[in-house]
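A.B. asks: One-letter residues, chain by chain:
There are 2 protein chains.
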Amino acid sequence: MTADRPVRVCVDAVGGDKAPSEVLMGVAAALRALPDVSVTLVGPDEVVTPFADKHERVIAHPATETIGMDEHPASAVRSKKDSSIVVGCRLVREGEADAFFSAGSTGACMAAATLVMGRIRGVARPAIATVIPTAGAPAVLLDVGANADCKAEHLVAFAHMGAAYARRVLDVTEPRVALLNIGEEPTKGSALAIEAHEAMSAVVPGFVGNIEGRDVLSGEIDVIVTDGFTGNVTLKLLEGTSKTLLSQIKSEMTATPIRTVAAAVLAPGLKGLKARLDPDAYGGAPLLGVRGVCIIGHGSSNAYAVSQAIRVATTAVRNDLTNAIAEAVESPRT
Amino acid sequence: MTADRPVRVCVDAVGGDKAPSEVLMGVAAALRALPDVSVTLVGPDEVVTPFADKHERVIAHPATETIGMDEHPASAVRSKKDSSIVVGCRLVREGEADAFFSAGSTGACMAAATLVMGRIRGVARPAIATVIPTAGAPAVLLDVGANADCKAEHLVAFAHMGAAYARRVLDVTEPRVALLNIGEEPTKGSALAIEAHEAMSAVVPGFVGNIEGRDVLSGEIDVIVTDGFTGNVTLKLLEGTSKTLLSQIKSEMTATPIRTVAAAVLAPGLKGLKARLDPDAYGGAPLLGVRGVCIIGHGSSNAYAVSQAIRVATTAVRNDLTNAIAEAVESPRT
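Chains as they are written, first to last, in the numbering used here: chain A, -18 to 315; chain B, -18 to 315.
Just chain A, with the same shape it has in the complex (with noise of 0.2 Å):
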């Protein structure tokens, strides 16, 4: 798209389990740093218009329903059509919108994109990639739950999709992309996986080969490619490991009080470590595969994480994200 209109991202204003405050605050935030998005903000009347009526660059759309995080996505997106969730997709596939972003189910949220955007052509299993912190420069993990059981196929195409994103929303020139395996020899690993390998090799440009879960954090790959199973521990596994490792520092020095003023001198370089492994600088978990831009948030998302997440649907629309996917599946640079 050109530059000379603002970026329209449309809003879940109650998605997330701290709704409708948190994602207000972060759409205000977003508004502040970013002057060239406008903001449609989706969900009940009392929340959206007074917000719009205080806010530039904000357009209030009524919405009567909401999916509650526990109900089942696919019934709960074809019975309730003026759900905020589904009302956003529409928005965009109607060309109201660029954009969308909800942090309210992951579900609802990829059966609405799927079914109301529609997927690109080429795409038969829209992918939740996700961008962790590394060693070195961030990394696109992909599929990381949106299919439990894929085909190598399916594999082949998250490659494509996971590294058009990191060449357009990471600016990285050309993506290393890599498949999680648990050995680098091409004849290692589930059927899946070597199967996936022996594609992958013939068809993506920057395949490197197996990498292994220790290699995940190395800072080595751009894109890692798994099935939606793998990619689903792997995320969670990171997330775990990494608060429980924290938290057992922190106590450890806290033990005393002698250690306590020593972690005082400590804590700005570890707030720094902290802010560096702080998933929610990356904005978000993008549905890649779908015919717009829509970048689903994790429920407990808080301001900063939904303006993060407004700012990556900004340059992904900016730099024509969906285009590139469908260029990168439909015909694979090689």
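Be careful, since some hints might not be right.
One copy or any two copies: either way a pair holds, since identical chains are not told apart in the list.
Cut-off 25 Å, straight-line C-alpha distance, at most; resulting in silico cross-link-like pairs (DSS-like, lysine-lysine) [said to hold, decoys possible]: (1) K252 - K231; (2) K35 - K132; (3) K(-1) - K255; (4) K(-1) - K132; (5) K(-1) - K252; (6) K217 - K132; (7) K252 - K224; (8) K(-1) - K35; (9) K224 - K35; (10) K255 - K224; (11) K132 - K62; (12) K255 - K217; (13) K255 - K132; (14) K(-1) - K217; (15) K132 - K169; (16) K231 - K255; (17) K(-1) - K224; (18) K132 - K224.
Hint data in this document are derived by calculation from the structure and do not stem from the laboratory.
Given chain A, put chain B in place with the hints provided.
C.D. replies: Quick look at chain B alone, frame taken from chain A:
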């Protein structure tokens, strides 16, 4: 077995990157610490005989061949009948030793133990378990790589075997067993996970349902069951994450002179933490489901890892792990 004779642990003198020196030091340390253990050392005559001459409770058992880390496991085991790994497993089968330990090729150990010791009746697929440090008590994770592709019935057997290990080696009276999955509800996950959840609910004592990646280190579960692909990724990811985080913390802590001073104050606490997280403390990875105690060390095992593995092997023999697994698999306690 009765406590009136020493446990005889057979050790592969030439297994691992640091063999034989670290292996021999580990054997010496184990003998000092464990008065009720004798060691049969298998390997080249010039390595094992001088060591046996100098140490009480060591029998040298020369073997003329060695299986390298990069050899095809099954073919190497078939062709090298006088390799330390094959000979070690044979000594267990023939009742000349009670347990076997090697830090050599994992694949070759698995193949040799399965072919030479044989499988326990009812075990279609032996599994490699590993004990991981958590925020609470250590947990048994299996399979971590023996079986990249699994069926639900294999996961059920893994659950029984892991629970037997927790009872007999980790001294957990009523192990809590969980399935690693990508959601807590029984209907979540891959086709394999859904089927395994149903089967485990029916027959596995202490089964508490699914856990997600973020709960692996919670310390609330004693036995975490998964297929060998997911388990291997999980284990290596845990290793990689701890390593990356601790190294980043170290570099933050030494970034300025004053931080280095403060870090020195905290050093004992962090050292204690590092020791608690050290997987070597749990003594290698037991291969469960074969007719004999078989412990596989990682290739980089040092003397401490070797001595801990001998300690664990001794506990497993004294507490009759092999029969406990046979009973658990044949007649699950419900």
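A.B. asks: A separate judgement is required for each hint: does it hold in the structure or not?
C.D. replies: Evaluation of the provided hints:
1. K252 - K231: Cα proximity of K252 and K231: in one copy and across copies (12 Å, 13 Å).
2. K35 - K132: The answer is neither: 49 Å in one copy and 58 Å across copies each exceed 25 Å.
3. K(-1) - K255: within (22 Å within a copy, 36 Å between copies)
4. K(-1) - K132: neither (36 Å within a copy, 40 Å between copies)
5. K(-1) - K252: within (24 Å within a copy, 38 Å between copies)
6. K217 - K132: both (22 Å within a copy, 24 Å between copies)
7. K252 - K224: both (14 Å within a copy, 19 Å between copies)
8. K(-1) - K35: within (21 Å within a copy, 69 Å between copies)
9. K224 - K35: Cα proximity of K224 and K35: none, with 38 Å in one copy and 49 Å across.
10. K255 - K224: both (10 Å within a copy, 16 Å between copies)
11. K132 - K62: neither (32 Å within a copy, 40 Å between copies)
12. K255 - K217: both (17 Å within a copy, 22 Å between copies)
13. K255 - K132: neither (36 Å within a copy, 40 Å between copies)
14. K(-1) - K217: within (20 Å within a copy, 34 Å between copies)
15. K132 - K169: both (17 Å within a copy, 19 Å between copies)
16. K231 - K255: both (12 Å within a copy, 13 Å between copies)
17. K(-1) - K224: within (20 Å within a copy, 34 Å between copies)
18. K132 - K224: neither (33 Å within a copy, 32 Å between copies)
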